[in-house]
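Note that the protein sequences, when read in sequence, are chains A and B. Residues 771 to 1093 in our numbering are what the first sequence lists, from first letter to last. Residues 996 to 1371 in our numbering are what the second sequence lists, from first letter to last.
Hints in this document: simulated from the structure, not taken from any laboratory. Please note that a few of the clues may not be correct.
Claimed, not checked - In silico SDA-like pairs for lysine to any residue, Cα to Cα no more than 20 Å straight-line:
(1) A/K992 with B/L1047
(2) B/K1173 with B/R1022
(3) A/K992 with B/N1063
(4) A/K920 with A/K967
(5) A/K992 with B/I1050
(6) B/K1125 with A/V1001
(7) A/K967 with A/A1022
(8) A/K967 with A/L908
(9) A/K992 with B/R1022
(10) B/K1125 with A/L908
(11) A/K992 with B/V1062
(12) B/K1069 with A/R1000
(13) B/K1125 with A/R1011
(14) B/K1069 with A/Y988
(15) B/K1125 with A/G985
(16) A/K967 with B/L1047
(17) A/K920 with B/Q1077
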Amino acid sequence: MTSAVAQADVPVPHQARGRRSSLTRSRLRSAWLFIAPSLIILAFIAGWPLARTIWFSFTDADLNNLNDYEFIGFENYLANYDGEWLGLLTDPDWWHSVWNTVWFTAVSVSIETVLGIVVALILNAAFPGRGIMRAIILIPWAIPTVVSAKMWNWMLHDQFGVINDMLLRLGLIAAPITWTANPDTALWTVVMVDVWKTTPFMALLILAALQMLPGDIYEAAKVDGIHPVRVFFRVTLPLIRPALIVAIVFRALDALRVFDLIYVLTANSRDTMSMSVYARQQLVDFQEVGVGSAASTLIFLIIALLIVVTLAAGRVRLGEDPR
Amino acid sequence: MADVILKNVQKSFGRAKVIHGVDLDIRDGEFVVFVGPSGCGKSTLLRLIAGLEDITGGDLFIGGERVNDLAPAKRGIAMVFQSYALYPHMNVYDNMAFGLELAKSSKADIDAKVREAARLLQIEPLLERKPRQLSGGQRQRVAIGRAIVRDPKVFLFDEPLSNLDAALRVQTRIEIAKLHTDTRATMIYVTHDQVEAMTLADRIVVLHAGRIEQVGTPLELYHRPANLFVAGFIGSPQMNFIECTVAGVGPGEVLVSLPGGGTLAVPVQPDGVQAGEAVTLGIRPDHVRISADGALTGRVELVEELGENHLLYVDAGQGRRLTVREPGDARHEAGSTVSLDLAREFCHLFRGTGEALRSRTNATSPTSPDLASSAA
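Same shape as in the complex, but just chain B (with noise of 0.2 Å):
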């Protein structure tokens, strides 16, 4: 068990500079994932705290211990691939047991740690199988018993279950989910699908071209995010954006004029923001209402039916074009038009510089849209 403090920390390959100066405390215990879209150095991050890479710059400290300079075996970590890294001729049991062998522990020792991980993953029946007769899920399954039994003070994984098919993608979360409940090792996760994060983490990273964009719990990041990339990055479907111009500062909301001619007061801290300054609207599909008389109005471009929900695709006019998520089967067709309403205590603003203008209640939004027009 342990922490992870990063301070400052760079890495160049040659003269490319891929991750500009990284400062992150990681609590013992704790779930961190570190999502971003491909590039943004996700991985290389990974890979510089266990020591697959040099640090070009900064310091890295596990348990209060500096570790720049130590070999990755002596940090306390193990890693998971995503391409699962077995070692191809032996078999399960020896994959597990091969790094143990030679950390001087007794064969009874070694055993006894491989039946115990291969038990907690229920791989117990494959023990003298090769790899190759193993489907993904299982081989990935055998990779984590690698990590078990060595049992570090922090488990890497880097996009573990991006070689696994839908279904067996959501039960291996869950098993890593479980994992980390039962184990209270100090997990630190790799992917580029926001809904892993979302779901596994304490907190995410969000990574963009070698920066941090923001960290918070998940809800946080969903309902605060601090910029128009995480904003943009986190949620499906991606959030809805408006250009827009300041229309006036009130106390505690900004009034900006829609494309359509209306006006909207958003209730967020204006913070400096002045009339006639270019904004970024945002709101989610699920706070886009259709409505008799809304502030903008649009062509229905294409309609999906997802079951529980359907999205209408809405062509608000000069090419922008608005997601829009309603419970139930769509009641409108392609080709009709409607007319939106946008719930205002939900919408964020960007200013120009990407930035988020904070939230004047700075709590977290209710749950469900239906609950807060009825408090409304």
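One chain only, chain A, in its complex shape (with noise of 0.2 Å):
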């Protein structure tokens, strides 16, 4: 009885692709004609900036006439002239702020996701005034960034800003800090003021990945008698993990591509600079499309090879059901 039981219940493989039924077809056409609009859309404000950029990093073209240019090759990437290597592939610049861009990234998406976690378990919990508090923790991220950087940047100021008046008071420093223009403390303040502003986002999705959990588990876990931290550890954690990583995917997007907080925080500063301020800084400040495109090329395959390792290293595959 039991083996008659055990093959009750093998999953049936998808009927074979063989040829398709009129039903099919028509809802196959339906399908496309749904998504059509979107993809139209998607084509012109995704699709088209992208391949024009590929282009101008060919060229090159300059903002002043953006009509006038001439296909370089690969030039804008790397060149040798009399012997010397050129382009963006050996400036020292360039690497500087690949280097801050990944260092940020991985640093402050961490600090998040870490915090996030915390924070959504600290609000999955009941308590009275949860839902007033699912609010407030959200405000730091329904502030746009260029106003809480400002406001950051007036409350780090070295001589007028409450940051370095309280430590003052509470005699941690000697001395104020330019924590934006120190070059030690420039990129740390950038991720700190990056982990205020979305740790509520990162907690939010993982709220969210909580509340799908069964509650059942946790008291047959309670029931046998499992410590609340191995709980955590050893179901909590893997069952939340698809949810995780997709936060985490999300998060390191949007990092690698920051510009807003660093470029009102530090401006042009080398030591914060990142991928994105590099490129506009080329682009506009020395009206090079052609080498900032460049730069916005490699951006774009930096991230999507850095979202790929990632993705293969968390075993996740979009769509798959988590459970």
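Using the hints, build the complex out of the two chains.
Next comes the structure, spelled out in structure tokens:
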């Protein structure tokens, strides 16, 4: 009897793909019809600019006159003039900005993930005023980045900032710190503000995952007397992992193209310059559309590569049922 | 192995009181079933015993120890949930082993226990599978296996079969009964299904609105329900109820006048019933016979053929509907008029308060109405 039951629930493979029935064909037709508008819009607002940027990266275009340019191949990336290597790939500033961006992403997303889990676990517990807490915690995320960055700029001001003032009064520092200008603190300051701003987003995504978890397994664990910390690492964390990886990928995508926060806090400082800030500087300040486009194209490739690596490391197949 | 004793156990959620002082002695090794309609508090009572809810008032003893303030894990219980509550990301083996890993048992020990439980439940080939690759019945067996490996003093089952299809339910029911015979552990089982209650229980506890209505063996409850609620709840199809008045009282019998005009002498202890008092006469569908000149007449509204027997739903006037169960195929059609006879020795009488009058014989009723009539 057991073997009969054992076989009863083996998933039946999808019907082998053969000739499609007319019903299937008409369904496919309407499916295409439904997604056609978004595909067309995406092609215009994402596909076209991307293609144009990649094209510009192979030219010597100038912001003054975008109609007059010549195809120069890979020279924006790498070129050899009289035995000297030139181009983006040899620019130490570019590589510095790449390093800044990757470091910023790794550190800030890690901190945000850990803090986000903590906050989400707290918000998932039943306590009075939980609803209002959930709303309050979202405020940093709801404020436009430029506004909050400006706000932090003032709070971190070396002479008039409230943070230096507090630390001085508490006796924790002897002299005011130029948080955003000092190369030792600048990038950490950017990370701190980013953590303040985006932890709520992380917490919210994780909270949503936590609320999807069945309650009965926690009761079963309680009856079995399993320590809550163990339950967290052995039950909760594996079960929210797919959602967690998606949240991390979202955040990492965002962090890798960080621009506004760094630009407002530290302007074009080389110590904190991200890839996007570098591209903007080439494009706008130096008017070099070709080099700027090459930088943008590389940003696109680097982000795509890192996300693929992250997904592979997290063993997440998008679209797979987490359970 | 342990007994479970509840003394005036109460539970309130905020201001709503859901368990109103339950007293119950569950003996060591006994199989007790809590049964009742939804919302009667049977699951809450089980969760109080498990320690998943805090007891508001009263005392709970397991194996002689007061466990009100003990964590679930320290009570020596294991629970099987209606939804199985398997860890979805762990395979069957890990699901069963997970609760043991903490108990400082060696790997070999855990392995032996898990494999023994798997063998007992015939799920050995499934040990490497994830819960989502199992059928409902298999999942339930894993959940039971997880309880077995803990080697508990008391097994708690919360409607374990209600998510299974009918055939699997019967099969798993038999396996649970076998598990009880094999382990001789104390088992407390919650269900709303009275067939499960009747077949599994040593004793049934009928709960209604947070109170115990009656505790007894399945046949006690069937043959001598203490009140109108138990009479109506136990037995399918439901017992017929006829409103009537007491016409007279004799020694060891109460004479009632039936709505049709006839009278019937019911062999129960009068217990102070007065002539003229309104009572409810209860009789099971098996004990209503179709006869040439019965006490009641009515029109057949509906016939249900069940093969080995059939049910007649008879409208006896004034919206009073009686169910009759007769053996074999139906010999009457809907619309025909029949005369019904009530086997008086199988009649129950309930006072206005719902309380039953004790039967004169105080013995379990004969197993078959035919035997009874031949004896009379």
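To see whether the hints hold, each was checked on the structure:
no., hint, verdict
1, A/K992 with B/L1047, "8 Å, holds"
2, B/K1173 with B/R1022, "19 Å, holds"
3, A/K992 with B/N1063, "16 Å, holds"
4, A/K920 with A/K967, "13 Å, holds"
5, A/K992 with B/I1050, "17 Å, holds"
6, B/K1125 with A/V1001, "18 Å, holds"
7, A/K967 with A/A1022, "14 Å, holds"
8, A/K967 with A/L908, "9 Å, holds"
9, A/K992 with B/R1022, "25 Å, violated"
10, B/K1125 with A/L908, "37 Å, violated"
11, A/K992 with B/V1062, "15 Å, holds"
12, B/K1069 with A/R1000, "17 Å, holds"
13, B/K1125 with A/R1011, "17 Å, holds"
14, B/K1069 with A/Y988, "16 Å, holds"
15, B/K1125 with A/G985, "19 Å, holds"
16, A/K967 with B/L1047, "39 Å, violated"
17, A/K920 with B/Q1077, "55 Å, violated"
Checked against the numbered hints given earlier, the structure breaks hints 9, 10, 16 and 17 and satisfies all the rest.
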